[in-house]
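Visitor: Assemble chain C onto chain S, guided by the hints.
Chains as they are written, first to last, in the numbering used here: chain S, -2 to 298; chain C, 568 to 887.
Be aware that a few hints might be false.
[Claimed, not checked] Here are some, though not all, of the chain S residues that point toward chain C, as calculated from beta-carbon distances under 7 Å: (1) Phe86; (2) Val111; (3) Phe240.
No lab work stands behind these hints: they were computed from the structure. Every residue, glycine too, gets a C-beta built ideally from N, C-alpha and C.
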Amino acid sequence: MNTFDLVLQATVSGIVVGSVYSMIALSLVIIYKSTDVVNFAGGEMLMAGGYLALLAILVLQLPYALVFGFVAFVTLSGGMLFERCVLKFIARNGSPGHNGMVSLVIATVGLSYVIKGFVRIFPYTEQVHRLPPLVTGPPIFIGNTIIQRQDIVIVGIGFLAILALGLFFQYTLTGKALRAASENPRAAELSGIPIEGMRTLVWGIAAAITGVAGVLLAPKLLLTPDIGHIVVLALAAAIIGGFTSLTGCIVGGILLGLIENFVGILISTQAIEPAPFILIMVVLTFRPQGLFGGDVSAKKV
Amino acid sequence: MHGSPNPLQLAAVCLLALASAVLPSFVGNAYVWFLVNLILTNIVLALGLELLIGRSGQFAFAHVAFFAVGAYGTAILQMKAGLPFVPSFVLSALSAGAIGMLIGVPATRMRSINLALATFAFAQGVTWLLGYWEGLTGGPAGMTVSAARLFGHEILNDDQATPWMGLIASGALASVMYLATSKLGRDFEAIKESEHAATVSGVHVHRTKVIAFALSGLYAGMAGGMLVLHRSFLVPDEFGFTTLVLVISMLVVGGLGSIGGVIIGVIIITMLPQALQMGMREILVWQELVYGCLLILFMMFMPRGVWGALHKAFARKGGA
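Bound conformation, chain S alone (with noise of 0.2 Å):
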């Protein structure tokens, strides 16, 4: 293989793994931006997804498409559970301002050891696994590049849940509620809207994508409790995205996952698990407010 071919391998790489951060990066700038709390248990419901859909597989012998819809509905249900009971309570009895939302973000590094905690109960987990393909056929060739039937599986889906959202974000009523709800909650509560429903909806919703971000993603990575420490990609994403819109979200995303990749057969790969870092700190200390950020402005005076 010359460069070229493993430049455009490497960029069929890198969208692949791009487009999984973009929905994992998605999920926690949309609960960022509704309750300010960054969600440190994002890698954890990643995990939980991928470990859903193994249950799913070995014990309820569901077919794929049926696999993602349980594990949906179970990490939907998960999430608006935890913020109905736990991160409404806090809110409602805790101190106001900062030092509240300090013990809202320690809840989320709760649920974290929580759901790790939880998995790793059964022995089954000790053993590392790896889900089956999503779809079996031969790989096809584009020159000589070669793209896995899976990949472009991932990328559709992936990308068919980003624009789902954007869709429901821009044109349905209660995505419009949501979206107001983030913007200006007392406004948004003058106008009738139920800003505590839409935030226990948000968490719901975050944590769906996050659980089919985890089907997506566990076919083709080893399955351990461990590997919530992604979630730190998909910060990198977002941030470099601005941590403020879909399309931030995207591009952040995609980008990473391109510069993992080139990092890795242009420089050495021994510079891929420092590279995120580098360039959070580059892009943060030349433009603060991140790529697509708006203008960094004083909050609440």
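Guide: Relative to the frame of chain S, chain C by itself:
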């Protein structure tokens, strides 16, 4: 308006220094002194982060990186440069403070989430560097630290280290108490409440934030040095995300914004895994789950931390 710290608090700090100097010669349980050293190290580490998050309201996550600079710096200066403990400790703590200041300069331009993540990225980068730079740090496998030399004595076990640890921790506590009542301490709190109001009242916001970063780095660096004093082994993983989360949970469980809260939080979070390990020998796999549940329950039922809950309970009793 410049007061000085509560004399009772200062007396408690002196007592801590005295107790850690005298008691190890009488009580002979090595495990107890191991725990005490761990707690003293974590107190200094958490005080540094409290200064930044609790007092100045800066959500910066580079703390573990400064901790690492202090620990590896002290260990490397001792072993490769052959310096005794005290100069190695001072030099490394100062470098950690200087790096904190350097990070503070660009970081103070960022807000909330971006600040948190840029500093987090820096910390991850440092952890990676510790694993990568094998010649200096021993790589991911870790490095063995030789016994610290203090005024001609070698520190070979935990109870020999405790008096020195107590001295450093008391110094750190006393300095934070003085800081809290100084002009600088008030500037920190002013920035936390509102940057605009602080600017209007004549606080140099940017400079004050950089100072907060530098001081926070200094304390973390000191904690790193303390780690080397009672530890014979360092691994890069110890300075990663898990430790960061642990330190933040210490602050939140204890109660943000007070020194008493820091101490209580440190003791609870340091002892909890030890207690779980002892009480749950048979069911060790449950440890993570129980820890997570406890963390959530603390947040739900003690939103202002244990310190805040105690305060409230006493206030109620006093009122009745």
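Visitor: Work down the list of hints and note, for each, if the structure agrees.
Guide: Going down the list of hints, with the structure as the test:
Here the hint on Phe86 (chain S) is kept, as its CB sits about 5 Å from the closest CB of chain C, short of 7 Å. With 7 Å as the threshold, the beta carbon of Val111 (chain S) comes within range of chain C, its nearest partner Cβ sitting at about 4 Å, so the hint holds. The interface hint given for Phe240 (chain S) is met, as the beta carbon of that residue sits about 6 Å from the closest beta carbon of chain C, less than 7 Å.
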